[in-house]
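There are 2 protein chains.
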Amino acid sequence: MSKNTKYNAAIIIIGNEILSGRTKDTNTSTLATWLNSLGVSVSEVRVIPDLENVIVETLNNLRKTYNYVFTTGGIGPTHDDITAKSVSKAFGVKYQIHKEAFEILESYYKVGEFNEGRQKMVWMPENANLILNPTSGAPGFSVENVFCLPGVPSILKSMLGALKNDIVGGKPILSHTISLRTVESEIASSLNKVQNKNKDVEIGSYPFFHAGKLGVSIVIRSENQSEIDNCNSQILKFVEEKNIKIVDR
Amino acid sequence: MSKNTKYNAAIIIIGNEILSGRTKDTNTSTLATWLNSLGVSVSEVRVIPDLENVIVETLNNLRKTYNYVFTTGGIGPTHDDITAKSVSKAFGVKYQIHKEAFEILESYYKVGEFNEGRQKMVWMPENANLILNPTSGAPGFSVENVFCLPGVPSILKSMLGALKNDIVGGKPILSHTISLRTVESEIASSLNKVQNKNKDVEIGSYPFFHAGKLGVSIVIRSENQSEIDNCNSQILKFVEEKNIKIVDR
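Protein chains in written order, with my numbering: chain A, 1 to 249; chain B, 1 to 249.
The set of hints was computed from the structure by calculation and includes no laboratory data.
Hints may be right or wrong, so weigh each one.
Put simply, identical chains are the same to the list, so a pair is met inside one copy or across any two.
Claimed, not checked - Under the rule of at most 20 Å between Cα atoms (straight-line distance), these lysine to any residue pairs were calculated in the SDA-like manner: (1) K94 to S37; (2) K24 to T182; (3) K164 to D200; (4) K24 to I178; (5) K85 to S189.
Chain A with its partners taken away, still in its complex shape:
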């Protein structure tokens, strides 16, 4: 979350498979990286179960708070796919067959294969805008500032290109990472001074273990490259003074 960004978003991960621990979420990272490049920062992520009342309440809360809300999951053909119905309810609009989506899937499948299960995927909130799916046919959709994408990571990724023009953001959020062979406590005080001198830049410190060795990655984030460069010089100064080794990471 860059401190200067005016455009923000929330992500809602709809899926019991994340809450059960069975599946690790990777869609947040995909969406956040993409949104940052469009000048939108992600302020909050919620992982919630496949329960209509929870989805409706969460959506109605977040869509009024943030510029954009992205949901992932729950738009397939099975009984646990209830996102489209829940979004309809949240906006108080009809849940109905989307003609264009119907036509897309009718021509996507062979004759006789556009069965009952698949037809469920064309039921959407009234007047939803389609988000085309170049991987597996079934489109996602958006209503106002809410964008509904599938949960399968490779399909989600393939759909972002079509969305780019719908997202108005600020300057891209830039970041620079310096990885050091040290521990956080050795640099905490110096790093704090740099942060205090550069209030508009976000400086994060993240310990890591890699190849059996401890290290710390310092991440500088801002919309402004010269502010990042400034911070970077100040950090490299104390790194050199303390004789700390810079590492690849």
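With chain A held as given, fit chain B onto it using these hints.
For chain B alone, kept in the frame of chain A given last:
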């Protein structure tokens, strides 16, 4: 989220590094799998930034809603580690040096190495209970039903053993997975019938791509093994009728 479970938890992931997309969260999966084995289901996960007012508000909201709240991240020595201070504020208690934590770290580090940065890690909410850290010394802590753990996945994992006796749960939540060489729309209607006949069991359907092939994993979750077995038989029945291949996954 098993439908029958009486004990529930929320997880708060504190960390700009997840919201920026730089790091993928794996602690949710670790915590959820462990909590399920203790008969506690995870109802909600929130990823929030390193901002005191957001941490305080989220904590105070969730700790009154769920039996347990787990936080990860923000308990190290750097300026962006503000979890302990925020928890103190949420509970309205003093943020002060924890004597036992001080003694632990004083003897953990060599003489002269227990510096200012490291001493920050012994500041905790008044009367916090320590969660011992067998990996890197600095303990986590709990206050009432809130358990604060570090963000580094391997350290977090190593601390769960010490916590087991503090968590009172129900029956362990069991699950069974059947993976099929099919697509969701082929089984949606039959699966829906099985779910309707077994309302107390949670049945999830998750498409996957593996080794270039499409498939669906059906996950049955319940506290009751005989209910899982029952569902399993009903699913295997339609799988056989439809001549769908069962695969390893």
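Tested hints:
1. With identical chains, the CA atoms of K94 and S37 are never at most 20 Å apart, being 34 Å at best within one copy and 41 Å at best between copies.
2. Proximity of K24 and T182 under a CA criterion of 20 Å is satisfied in neither setting, with 29 Å inside one chain copy and 23 Å between copies.
3. Proximity of K164 and D200 under a CA criterion of 20 Å is satisfied in neither setting, with 27 Å inside one chain copy and 42 Å between copies.
4. Only between protomers do K24 and I178 lie at most 20 Å apart by alpha-carbon distance; the minimum there is 19 Å, versus 27 Å within a single protomer.
5. With identical chains, the CA atoms of K85 and S189 are at most 20 Å apart between copies only, with a shortest distance of 17 Å across copies and 52 Å within one.
When held up to the earlier numbered hints, the structure conflicts with 1, 2, 3 and fits the remainder.
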